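Asks: Sequence lines, in order, name chains B and F.
Residue numbers are given in the working numbering: position 257 of the first sequence equals residue 257, and the series is strictly consecutive.
Residue numbers are given in the working numbering: position 54 of the second sequence equals residue 54, and the series is strictly consecutive.
Since the hints were derived computationally from the structure, they do not count as laboratory data.
Keep in mind it's a predicted model, so treat the numbers as computed, not measured.
Hints may be right or wrong, so weigh each one.
[Said to hold, decoys possible] Per label pair, the in silico range of CB-to-CB distance:
id : chain 1 : residue 1 : chain 2 : residue 2 : range
1  : F       : T20       : B       : L164      : 45 to 55 Å
2  : B       : R644      : F       : L40       : 44 to 54 Å
3  : F       : V44       : B       : I35       : 40 to 50 Å
[Claimed, not checked] Some chain B residues near chain F, calculated using beta-carbon distances under 10 Å:
id : residue
4  : L74
5  : V77
6  : V81
7  : G223
8  : Q225
9  : V280
10 : S282
11 : I304
12 : L306
13 : Y571
14 : L925
15 : V926
16 : F930
17 : F933
18 : F934
[Stated by the list, open to error] Over the 10 Å line for every Cβ pair with chain F, so calculated as not near, a few chain B residues:
id : residue
19 : H279
20 : E749
21 : S875
Every residue gets a Cβ at the ideal spot worked out from N, C-alpha and C, and that includes glycine.
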Amino acid sequence: MSFSPEQTLIAIVIYLSILFLVAYLADRSSISERITRHPATYVLSLGVFAGAMGTNGIFNIAQRFGFSYLLYYLGVVLMFVLATLLLLPILRLCRIYRLASLADVLAFRFRSQWIGAAVTLAMCLAVMPLFALQIQAVADSAHFLTGDTASALSQGDRKDGLALIFCITIIAFAILFGTRNVSSPNRNTGLVTAIAFESLVKLAALMVVMVVSVQQVFGDFAGLQAWLASNSAGQQILDSQLSGDSARSLLLMFFAGAICMPHIFHMAFAENIESQDLHVASWGLPLYLLLLSIPILPILWVGIRLQQGLPVEYTAIGIGLALDSRLIAGAAFVAGLSAASATIIVSTLALANMCLNHLVLPRRVLQINSDQSLYAQLKWLRRSLITVLILAGYGFFSALSGKHSLTHLGMIAFAGVMQFLPGLVATAYWQRANRIGMMSGLCVGLLIWCIAILLPVLGEFQWAWLQGFSAHLADTSIGRWVALSMIALGCNAAAIVVLSFVTQAGDDERIAAEICSMDERSRMTRRTLNISEASEIVDRLAPALGAKTARSELNRALTQLQFDDKESRPYALRRLRNRIEANLAALLGPAVAFRIVGTQLPFEPETEGSSGEDYALLERRLDRAQGQFTGLAADLDGLRRHYRDTLQNLPVGVCSLAGDGEILLWNTSMESITGIEANRVIGSSLDAVPMPWRSIVFACLNLQTEPVSKREVVRESGESQWVSLHRASSSTPGGGDRLILVEDITDLERLQDELLHSERLASIGRLAAGVAHEIGNPITGIACLAQNLDYETNMDDIRETSRDILKQTERVSRIVESLVNFSHVGSGSGNLDIGPCNLADCVDEATHLLNLDSQAKSVQFVNNLDRELVVEADSQRLLQVFINLLSNARDASPARGTITVSALITGARVTIHLDDQGTGIPAELVDKVFEPFFTTKEPGQGTGLGLSLVYSIMEDMHGTIHVSSPLDEVSASGTRMILSLPLGSYGDTFDV
Amino acid sequence: MYINRALLFIAGLLFIFYPTVDSWILDGDTTWYRPFLLWLLVIVATYWNQRSRLPDEL
Numbered sequence: 001m002s003f004s005p006e007q008t009l010i011a012i013v014i015y016l017s018i019l020f021l022v023a024y025l026a027d028r029s030s031i032s033e034r035i036t037r038h039p040a041t042y043v044l045s046l047g048v049f050a051g052a053m054g055t056n057g058i059f060n061i062a063q064r065f066g067f068s069y070l071l072y073y074l075g076v077v078l079m080f081v082l083a084t085l086l087l088l089p090i091l092r093l094c095r096i097y098r099l100a101s102l103a104d105v106l107a108f109r110f111r112s113q114w115i116g117a118a119v120t121l122a123m124c125l126a127v128m129p130l131f132a133l134q135i136q137a138v139a140d141s142a143h144f145l146t147g148d149t150a151s152a153l154s155q156g157d158r159k160d161g162l163a164l165i166f167c168i169t170i171i172a173f174a175i176l177f178g179t180r181n182v183s184s185p186n187r188n189t190g191l192v193t194a195i196a197f198e199s200l201v202k203l204a205a206l207m208v209v210m211v212v213s214v215q216q217v218f219g220d221f222a223g224l225q226a227w228l229a230s231n232s233a234g235q236q237i238l239d240s241q242l243s244g245d246s247a248r249s250l251l252l253m254f255f256a257g258a259i260c261m262p263h264i265f266h267m268a269f270a271e272n273i274e275s276q277d278l279h280v281a282s283w284g285l286p287l288y289l290l291l292l293s294i295p296i297l298p299i300l301w302v303g304i305r306l307q308q309g310l311p312v313e314y315t316a317i318g319i320g321l322a323l324d325s326r327l328i329a330g331a332a333f334v335a336g337l338s339a340a341s342a343t344i345i346v347s348t349l350a351l352a353n354m355c356l357n358h359l360v361l362p363r364r365v366l367q368i369n370s371d372q373s374l375y376a377q378l379k380w381l382r383r384s385l386i387t388v389l390i391l392a393g394y395g396f397f398s399a400l401s402g403k404h405s406l407t408h409l410g411m412i413a414f415a416g417v418m419q420f421l422p423g424l425v426a427t428a429y430w431q432r433a434n435r436i437g438m439m440s441g442l443c444v445g446l447l448i449w450c451i452a453i454l455l456p457v458l459g460e461f462q463w464a465w466l467q468g469f470s471a472h473l474a475d476t477s478i479g480r481w482v483a484l485s486m487i488a489l490g491c492n493a494a495a496i497v498v499l500s501f502v503t504q505a506g507d508d509e510r511i512a513a514e515i516c517s518m519d520e521r522s523r524m525t526r527r528t529l530n531i532s533e534a535s536e537i538v539d540r541l542a543p544a545l546g547a548k549t550a551r552s553e554l555n556r557a558l559t560q561l562q563f564d565d566k567e568s569r570p571y572a573l574r575r576l577r578n579r580i581e582a583n584l585a586a587l588l589g590p591a592v593a594f595r596i597v598g599t600q601l602p603f604e605p606e607t608e609g610s611s612g613e614d615y616a617l618l619e620r621r622l623d624r625a626q627g628q629f630t631g632l633a634a635d636l637d638g639l640r641r642h643y644r645d646t647l648q649n650l651p652v653g654v655c656s657l658a659g660d661g662e663i664l665l666w667n668t669s670m671e672s673i674t675g676i677e678a679n680r681v682i683g684s685s686l687d688a689v690p691m692p693w694r695s696i697v698f699a700c701l702n703l704q705t706e707p708v709s710k711r712e713v714v715r716e717s718g719e720s721q722w723v724s725l726h727r728a729s730s731s732t733p734g735g736g737d738r739l740i741l742v743e744d745i746t747d748l749e750r751l752q753d754e755l756l757h758s759e760r761l762a763s764i765g766r767l768a769a770g771v772a773h774e775i776g777n778p779i780t781g782i783a784c785l786a787q788n789l790d791y792e793t794n795m796d797d798i799r800e801t802s803r804d805i806l807k808q809t810e811r812v813s814r815i816v817e818s819l820v821n822f823s824h825v826g827s828g829s830g831n832l833d834i835g836p837c838n839l840a841d842c843v844d845e846a847t848h849l850l851n852l853d854s855q856a857k858s859v860q861f862v863n864n865l866d867r868e869l870v871v872e873a874d875s876q877r878l879l880q881v882f883i884n885l886l887s888n889a890r891d892a893s894p895a896r897g898t899i900t901v902s903a904l905i906t907g908a909r910v911t912i913h914l915d916d917q918g919t920g921i922p923a924e925l926v927d928k929v930f931e932p933f934f935t936t937k938e939p940g941q942g943t944g945l946g947l948s949l950v951y952s953i954m955e956d957m958h959g960t961i962h963v964s965s966p967l968d969e970v971s972a973s974g975t976r977m978i979l980s981l982p983l984g985s986y987g988d989t990f991d992v
Numbered sequence: 001m002y003i004n005r006a007l008l009f010i011a012g013l014l015f016i017f018y019p020t021v022d023s024w025i026l027d028g029d030t031t032w033y034r035p036f037l038l039w040l041l042v043i044v045a046t047y048w049n050q051r052s053r054l055p056d057e058l
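With the hints as extra help, turn the sequences into a complete structure.
Replies: Below is the structure:
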């Protein structure tokens with residue numbers, strides 16, 4: 001049985017078309033997001049690790065070293081089980097700084113374009129054998145399927161048309177689905193879903209091959225076990241294994257491959273930013289690989305049992321051909337095809353990005369002022385690179401001429417990428433490492449790898465001294481290669497360590513080292529940008545990115561941070577700068593992004609107080625990382641939260657300012673006192689604080705002597721608010737921070753005013769009493785003498801004079817009497833008889849008394865009070881109050897004006913309104929009307945004690961009185977006296 | 001640096017008992033799929049370990 005070449009070609013095209021369809025549907029969201037966004041999809045996409053090495057090459061290792069073939073999977077398993085060691089730190093870096101490849105990470109850590117370029121070139125070189133492996137696996141499988149065994153086994157020049165068609169199809173797929181979202185920060189859903197689908201197909205195909213072939217050959221798995229017990233060839237596989245050193249080295253090699261291989265790195269970090277997905281992958285990927293590794297041995301044993309004639313890497317296809325089973329042969333072919341295509345596609349995309357960011361863009365090839373947008377230029381560059389890379393892989397495959405097994409090719413690639421492991425470990429764990437050490441180590445490791453491993457496989461560099469040396473290292477070829485790889489790795493690590501100790505790192509490198517280190521979350525310094533608001537960033541970035549792209553990048557960063565383009569807070573501008581750098585790093589690579597942002601958006605030179613910790617950002621990050629702390633760190637974090645909460649909930653407003661005036665703290669009390677939200681001002685300079693608080697805080701800071709001051713603030717509502725301000729300076733060396741405590745003392749101030757008022761009234765009362773006493777006696781004497789004079793003379797002139805004297809003494813007596821009254825009430829010494837009092841009757845009585853004065857102005861008193869309304873008051877005093885108020889109202893009212901008295905019950909109190917239609921009281925005098933001796937009447941018309949007396953009486957009766965004037969805003973006329981008294985009730989008073 | 005203690009404990013146990021486990025796995029008289037059972041055990045332990053993590057623990 002065999003397939004025709006046309007059938008095989010059609011099978012390849014159909015399979016890849018299905019892949020296109022899956023990616024297309026996922027991109028258009030035709031496949032539910034519950035599937036495409038599910039962590040299982042991410043886990044399956046990581047199955048890209050098992051390329052043709054996992055479906056074909058692994059049979060070679062299994063046959064020669066038995067269970068040691070599991071090392072291939074266990075390296076990855078170890079990396080994901082111990083995800084916290086390397087994967088999570090790298091994911092954290094990639095997520096925060098938008099790094100998408102190993103070259104990005106190392107260039108970011110060592111702040112060197114040269115490192116990025118060197119890593120990219122080395123990666124391209126190391127991955128070529130991997131490409132050749134994939135192409136060779138697919139091409140040879142196709143040849144075996146079509147019965148063209150000679151082509152597959154030939155070791156001459158391979159101009160393989162089938163392989164070329166496969167490569168071109170893969171180029172088309174990679175271009176279509178790998179470069180669509182150049183500027184998008186999100187996962188490339190179509191690609192991830194398609195790769196996950198490939199992983200499923202691969203697993204399903206191997207399972208089908210295992211189940212069907214075991215069933216056909218052994219009947220069932222018990223039959224297989226029985227055959228195994230009796231067959232020495234089968235048993236030998238179980239007994240053989242790699243030596244301990246080789247096994248450990250191989251494990252380390254695959255362990256390194258699990259993070260350094262470009263396709264794994266791309267899927268694990270560039271297409272994923274969720275740590276939750278990585279946690280699922282820490283058990284999900286080992287489970288997938290477990291399932292994938294199970295069929296290997298049974299398939300191998302079936303192959304031995306059938307004595308299939310193909311090379312061991314193609315055992316599955318050989319079984320299909322031997323059993324004449326199209327299902328088995330087809331499934332085996334599809335498994336290899338899916339594994340190879342996934343590996344090539346993802347590796348190429350990752351390598352294309354690396355080449356673009358580290359080899360092409362640093363040469364400044366982009367045309368900023370071109371009609372084509374930056375994104376379009378990037379897309380075309382990336383597509384070109386994809387094509388070049390896959391064709392280079394095909395070229396390498398042709399050059400090798402099929403002289404090497406798939407396993408050997410895989411080992412060469414893994415040994416190459418392992419040379420990046422020391423740099424990656426130093427990134428996460430060793431801050432001392434510097435770019436000179438990194439570059440030297442990489443060069444040494446790669447040089448040994450090239451000389452000892454890569455060049456000899458090309459056939460033209462077979463040095464005798466090398467063969468002699470490697471023969472001493474191990475018995476097997478794999479053992480020798482593993483040993484040589486470990487020598488390269490050892491020299492690499494030693495060079496990094498030695499040169500990093502010998503040479504010094506630059507400042508930027510040290511900062512990057514702190515950021516990358518596991519122990520330092522990041523360096524959050526508070527530097528100032530020389531821009532005043534976010535929108536200016538467009539003009540700054542335009543010379544480097546073009547106006548359109550600069551605007552687009554700014555908008556993207558603003559959306560991500562939920563700021564607007566008027567944002568001017570220094571804290572927000574710093575975050576914006578960091579976000580733009582991270583976004584540009586994803587687009588252009590970290591080295592180019594660092595250069596552009598550093599040049600176009602530089603920080604102001606550091607001055608005293610203008611830098612320091614960015615506490616706002618530090619606090620945000622610590623809050624986010626809460627669950628991560630353990631032990632002492634958790635205790636310290638708990639303590640920090642406790643003090644922070646204490647400070648936040650203090651009943652005193654606290655505002656902390658940095659040396660340059662940036663606001664670092666604005667607690668809850670500060671918010672309620674000022675009415676300004678913390679979010680609006682934290683991170684901004686003092687200039688951004690709304691008036692009047694800006695001037696108040698500024699004045700407090702600039703007071704040279706008194707650290708305590710008291711200020712009156714007029715609120716928007718017009719009410720006065722009194723605050724006390726305390727100033728303090730930070731004692732931190734070099735800190736320069738200043739602290740302002742603000743206390744709302746409005747209530748205290750009011751109380752003091754009232755006390756002062758009462759004291760003044762009491763003083764005036766005492767004075768009045770004294771004056772009345774001293775004046776009263778002489779006046780009485782004058783009045784008696786004047787009366788005597790009137791009786792004793794008949795002269796009209798003298799009698800008229802004596803009567804005038806009597807009139808004037810009566811007037812003086814009235815004044816003295818009112819002074820005495822005032823003194824009695826004001827001193828609180830009056831005996832009040834508080835009880836239920838009918839309000840309407842009281843007002844009626846007052847109006848009746850006022851109407852007796854026939855010489856007074858004619859006005860109409862309107863009593864709108866409820867006849868049943870009763871208040872708790874002294875009826876005589878209340879009558880005095882109403883007489884005073886109604887009399888004042890009458891004096892102020894125009895002739896035939898109306899004075900209305902009304903009331904309403906509010907809870908347990910009665911509010912009485914006494915409205916007139918007079919001229920009103922000017923706003924500036926409203927506060928003074930209750931002061932003693934204040935009057936607006938003509939001299940001799942009033943004493944200025946009436947309203948003051950009313951005020952005192954109301955206070956004594958537990959009531960209040962206010963003035964509202966003018967009553968009519970339009971005509972600015974009318975006054976309302978507002979009285980409040982406790983609601984009263986006769987209750988049991990009438991019960992006998 | 002944050003490394004889960006349970007994970008370190010398991011790694012330590014595996015390191016100490018590696019010779020015993022190794023000889024048990026490769027015992028010629030046993031079933032061929034025994035190593036996979038041990039592997040499954042590691043997966044279950046890892047699953048159990050990651051369940052206690054917070055959603056965004058970076």
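Asks: Under the criterion of a CB-CB separation shorter than 10 Å, is I304 (chain B) in contact with chain F as hinted?
Replies: violated (13 Å)
Asks: For the restraint on V280 (chain B), tell me whether the closest CB of chain F is nearer than 10 Å.
Replies: holds (7 Å)
Asks: How about F934 (chain B): closest beta carbon in chain F under 10 Å, or not?
Replies: violated (68 Å)
Asks: Does Y571 (chain B) pass the interface check with chain F, least Cβ-Cβ distance below 10 Å?
Replies: Result: violated, 22 Å to nearest chain F Cβ.
Asks: Falls inside 44 to 54 Å, the C-beta gap from R644 (chain B) to L40 (chain F)?
Replies: holds (46 Å)
Asks: Would you settle whether the hint for L74 (chain B) is holds or violated, based on the nearest Cβ-Cβ distance to chain F being less than 10 Å?
Replies: Interface hint status for L74 (chain B): holds (8 Å vs cutoff 10 Å).
Asks: Going by Cβ atoms only, is V81 (chain B) closer than 10 Å to chain F?
Replies: V81 (chain B) check passes; min Cβ-Cβ to chain F is 5 Å, inside 10 Å.
Asks: Using Cβ atoms only, decide whether L306 (chain B) comes closer than 10 Å to chain F, and label the hint accordingly.
Replies: violated (18 Å)
Asks: Evaluate the given range 40 to 50 Å for the C-beta pair formed by V44 (chain F) and I35 (chain B).
Replies: This hint is violated: roughly 25 Å between Cβ atoms.
Asks: Hint check: is the beta carbon of Q225 (chain B) less than 10 Å from a beta carbon of chain F?
Replies: Result: holds, 6 Å to nearest chain F Cβ.
Asks: Just want to verify: H279 (chain B) was marked as not at the interface with chain F; is every Cβ pair farther apart than 10 Å?
Replies: violated (5 Å)
Asks: F933 (chain B) was flagged as interface toward chain F. Is the shortest Cβ-Cβ separation under 10 Å?
Replies: The hint is violated - F933 (chain B) has no Cβ within 10 Å of chain F, the shortest such distance being about 72 Å.
Violated hints for the displayed structure, listed by number in ascending order: 3, 7, 11, 12, 13, 14, 15, 16, 17, 18 and 19.
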